[in-house]
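Assemble chain B onto chain A, guided by the hints.
Chain by chain, the residues:
Number of protein chains: 2
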Amino acid sequence: MKVLVLGADGYLGWPTCMYFSKRGHDVVGVDNYFRRSAAMELDCEPLIAVPNLAQRAKTWREMTDKDIHIHIGDITDYPFLKSIFKDCRPDVVIHYAEQPSAPYSMMDHDKAAFTVRNNLISTLNVAYAVQEVVPECHIVKLGTMGEYGTPEIDIEEGFIEIEHKGRKDRFLFPRQASSLYHTTKIQDTDMLWFYIRTWGIRATDLMQGPVYGISTEGADLNPSLMPHFSYDEIFGTVLNRFVVQAIAGHPLTIYGKGDQIRGYLNIKDTLACVYLSAMNPADPGELRIFNQVTETFSVNELAEKVKRVGDRLGYAVEVRNYENPRVEKEEHYYNPTYTGLLELGLKAHYLTDEVLVEMFRVVERHKSNIHDHKIFRGIKWQQESRKVQVEAQVG
Amino acid sequence: MKVLVLGADGYLGWPTCMYFSKRGHDVVGVDNYFRRSAAMELDCEPLIAVPNLAQRAKTWREMTDKDIHIHIGDITDYPFLKSIFKDCRPDVVIHYAEQPSAPYSMMDHDKAAFTVRNNLISTLNVAYAVQEVVPECHIVKLGTMGEYGTPEIDIEEGFIEIEHKGRKDRFLFPRQASSLYHTTKIQDTDMLWFYIRTWGIRATDLMQGPVYGISTEGADLNPSLMPHFSYDEIFGTVLNRFVVQAIAGHPLTIYGKGDQIRGYLNIKDTLACVYLSAMNPADPGELRIFNQVTETFSVNELAEKVKRVGDRLGYAVEVRNYENPRVEKEEHYYNPTYTGLLELGLKAHYLTDEVLVEMFRVVERHKSNIHDHKIFRGIKWQQESRKVQVEAQVG
Numbered sequence: 045m046k047v048l049v050l051g052a053d054g055y056l057g058w059p060t061c062m063y064f065s066k067r068g069h070d071v072v073g074v075d076n077y078f079r080r081s082a083a084m085e086l087d088c089e090p091l092i093a094v095p096n097l098a099q100r101a102k103t104w105r106e107m108t109d110k111d112i113h114i115h116i117g118d119i120t121d122y123p124f125l126k127s128i129f130k131d132c133r134p135d136v137v138i139h140y141a142e143q144p145s146a147p148y149s150m151m152d153h154d155k156a157a158f159t160v161r162n163n164l165i166s167t168l169n170v171a172y173a174v175q176e177v178v179p180e181c182h183i184v185k186l187g188t189m190g191e192y193g194t195p196e197i198d199i200e201e202g203f204i205e206i207e208h209k210g211r212k213d214r215f216l217f218p219r220q221a222s223s224l225y226h227t228t229k230i231q232d233t234d235m236l237w238f239y240i241r242t243w244g245i246r247a248t249d250l251m252q253g254p255v256y257g258i259s260t261e262g263a264d265l266n267p268s269l270m271p272h273f274s275y276d277e278i279f280g281t282v283l284n285r286f287v288v289q290a291i292a293g294h295p296l297t298i299y300g301k302g303d304q305i306r307g308y309l310n311i312k313d314t315l316a317c318v319y320l321s322a323m324n325p326a327d328p329g330e331l332r333i334f335n336q337v338t339e340t341f342s343v344n345e346l347a348e349k350v351k352r353v354g355d356r357l358g359y360a361v362e363v364r365n366y367e368n369p370r371v372e373k374e375e376h377y378y379n380p381t382y383t384g385l386l387e388l389g390l391k392a393h394y395l396t397d398e399v400l401v402e403m404f405r406v407v408e409r410h411k412s413n414i415h416d417h418k419i420f421r422g423i424k425w426q427q428e429s430r431k432v433q434v435e436a437q438v439g
Numbered sequence: 045m046k047v048l049v050l051g052a053d054g055y056l057g058w059p060t061c062m063y064f065s066k067r068g069h070d071v072v073g074v075d076n077y078f079r080r081s082a083a084m085e086l087d088c089e090p091l092i093a094v095p096n097l098a099q100r101a102k103t104w105r106e107m108t109d110k111d112i113h114i115h116i117g118d119i120t121d122y123p124f125l126k127s128i129f130k131d132c133r134p135d136v137v138i139h140y141a142e143q144p145s146a147p148y149s150m151m152d153h154d155k156a157a158f159t160v161r162n163n164l165i166s167t168l169n170v171a172y173a174v175q176e177v178v179p180e181c182h183i184v185k186l187g188t189m190g191e192y193g194t195p196e197i198d199i200e201e202g203f204i205e206i207e208h209k210g211r212k213d214r215f216l217f218p219r220q221a222s223s224l225y226h227t228t229k230i231q232d233t234d235m236l237w238f239y240i241r242t243w244g245i246r247a248t249d250l251m252q253g254p255v256y257g258i259s260t261e262g263a264d265l266n267p268s269l270m271p272h273f274s275y276d277e278i279f280g281t282v283l284n285r286f287v288v289q290a291i292a293g294h295p296l297t298i299y300g301k302g303d304q305i306r307g308y309l310n311i312k313d314t315l316a317c318v319y320l321s322a323m324n325p326a327d328p329g330e331l332r333i334f335n336q337v338t339e340t341f342s343v344n345e346l347a348e349k350v351k352r353v354g355d356r357l358g359y360a361v362e363v364r365n366y367e368n369p370r371v372e373k374e375e376h377y378y379n380p381t382y383t384g385l386l387e388l389g390l391k392a393h394y395l396t397d398e399v400l401v402e403m404f405r406v407v408e409r410h411k412s413n414i415h416d417h418k419i420f421r422g423i424k425w426q427q428e429s430r431k432v433q434v435e436a437q438v439g
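Chains as they are written, first to last, in the working numbering: chain A, 45 to 439; chain B, 45 to 439.
None of these hints come from the bench; they were simulated from the model.
It is possible that some hints are incorrect.
For identical chains, the list gives no copy identity; a pair is met inside one copy or between any two copies.
The calculated lysine-lysine pairs, modelled on BS3-like cross-linking and capped at a C-alpha distance of 25 Å, are [as the list claims (entries may be wrong)]: (1) Lys130 to Lys424; (2) Lys391 to Lys411; (3) Lys424 to Lys126; (4) Lys411 to Lys46; (5) Lys209 to Lys373; (6) Lys66 to Lys312; (7) Lys411 to Lys102; (8) Lys373 to Lys212; (9) Lys391 to Lys424; (10) Lys130 to Lys212; (11) Lys411 to Lys351.
Only a predicted model underlies this, so the values are computations on that prediction, with no experimental measurement involved.
Isolated chain A, as found in the complex (with noise of 0.2 Å):
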């Protein structure tokens, strides 16, 4: 199988190339490095420096004997995507190069443009190439549980039957997301939607949770070969956090009281996940959506597994709440379906104190990399002035 993976270098991009790869598939990986230049611009790289895309794939075919493709430069530039998509004819196209930071997308106006219009324009052209080159090409979003917020009712894997005035319809499942960049990911569902129906092109779109670990088959080869690991505020993940804090002696940076409630899942199962949507393809026409997490935890919850692993590896863990920072629901109700993926064969690796301890050792051989700086910094959802009457509305 061809497959096209956008967004190559991330922290998903470029371990999902070396699970295709690994499984005897073409991968052409593509990338504008958008995350390296706006990690350093801010000042919060990841925890390891890894080599560019152009020597891992190198080290790849040294490890491995096999191709990784790469190109480098920006999907929003449709005659270079297109070009691509010309040469390469994908079977399927995996898109991850969307802008994937809140906080990010909520730190000012150029940022908040530059999300929109990255990942709207991303989305359209995807949507594009895959039309004007390669219409039967499956093309595999990723999206995220957040778009669909905390409602009041349980959430469904993508649609859900209204019935209303005594007649029914399906629709895709209300989403109200918590930062500018979730709502570009329910702005770009509904134009993907919308030229499905148009075109009878084909699309799986993986709602995912916050994603943890860094370990998969294909990095424990070499250490050039690991993921991009953000331990900071703008482009970390919490359980990622939580662990450097751990490590650093940072208190877990628990955001308002902690009862947030998120589905969650090991960076194996991400792979995984992708694998088993691609090998099963949407039918032409069809807008295929499954609810990528493997178990649902509060953020008090992870903070405690964290502290519990790290007090038992010789760390005083402290665990300390901060005024938070975003414009959330502290306290709500939370019950998501995630049946889809599991019917599709997914095995998954749930969080067990092993899977923290290992992630622990992995974090502590690049102790020396953690800058306390990049922990927390706070970037705010709205501004001081507003706030109170805005807390109103949210409450």
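Same frame as chain A, now just chain B:
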């Protein structure tokens, strides 16, 4: 009241400027003349060539002794928009500055990308300028009934309570549009609603149906003050097009079966609705949604009305069913609610034969400007090669 009108040169923008100015409000109008340049590029200029905005403002001052201040520029340029907000400090901003044509958004990749960028970045910029400069300012944004599509359930005014597995929540009414343009209006609502929840700003979203008419109290003062009246397939709305087609001796262009039902309103009612919304603003933290139509018709019913009036006026009006270039349901359930604006005090102008006769009389005076080749070119929603498959989906 200080009123900022974005998209002040458009079919609705300029009449809105005059409507508020006449009632004693300070009006600032902004436009980048996109509509004029696109119409020139695509050979589809409106029926009546009207002077530029600066000249129209001058004529308005001569006729009424009132000033409308004009700025020419692109509101996707945030420093430009912010400087206008700082100068003007509006109490209400009326956002007409989106690319408003469904066929334009479906012509090719570049026009699709322009539509996404223009419509989303303009709305993002309006939200940011309000938050950063005048947080109490009321945003009046034009939405479209097309965002709802044609669901099997009754269409409420913007929000719906959903009961699911014994629990309830209130959501934006689920939206599923049938063009990229209409999809961008779903997307901008999601974005504005996010910032309203997060920042406590306020907006009214007017879900407008296709507008018809050429006569307004301001336009009737002087031919230079008339609105852009488009009769082409790209920028013209259906009833305006049918009247021009009847006078030109062109068959009325019904797409497919003609049983597509939509809600319509007279341009005079658009002005009244926007004015009523501005005079009765949404609360801080509120997204207030009105369905801005006054009556519903099928395309066949509109054609019958135009034929009846046209025949009476001596035109031998032919009605013809064209192969539908769009992807849309040609027979469907349609039951929208539209009581909110009536409750605010709207006195509707319904589509009587007298209204049609008046439209015929104005268009007749400009009959020599009608160019037959602009009337229909059949911009298609999909490539011919993939047509059958998609029709099966949509049906």
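Right, here's what the structure says about each hint:
1. Lys130 to Lys424: between (43 Å within a copy, 24 Å between copies)
2. Lys391 to Lys411: neither (31 Å within a copy, 71 Å between copies)
3. Lys424 to Lys126: between (38 Å within a copy, 21 Å between copies)
4. Lys411 to Lys46: Neither way: Lys411 and Lys46 sit 39 Å apart in one copy and 58 Å across, limit 25 Å.
5. Lys209 to Lys373: between (31 Å within a copy, 22 Å between copies)
6. Lys66 to Lys312: Within. Shortest intra-copy distance 14 Å satisfies the 25 Å Cα cut-off; inter-copy 66 Å does not.
7. Lys411 to Lys102: neither (27 Å within a copy, 70 Å between copies)
8. Lys373 to Lys212: Cα proximity of Lys373 and Lys212: across copies only (17 Å, versus 31 Å in one copy).
9. Lys391 to Lys424: neither (38 Å within a copy, 45 Å between copies)
10. Lys130 to Lys212: Answer is neither; intra-copy 43 Å and inter-copy 48 Å both fail.
11. Lys411 to Lys351: within (17 Å within a copy, 80 Å between copies)
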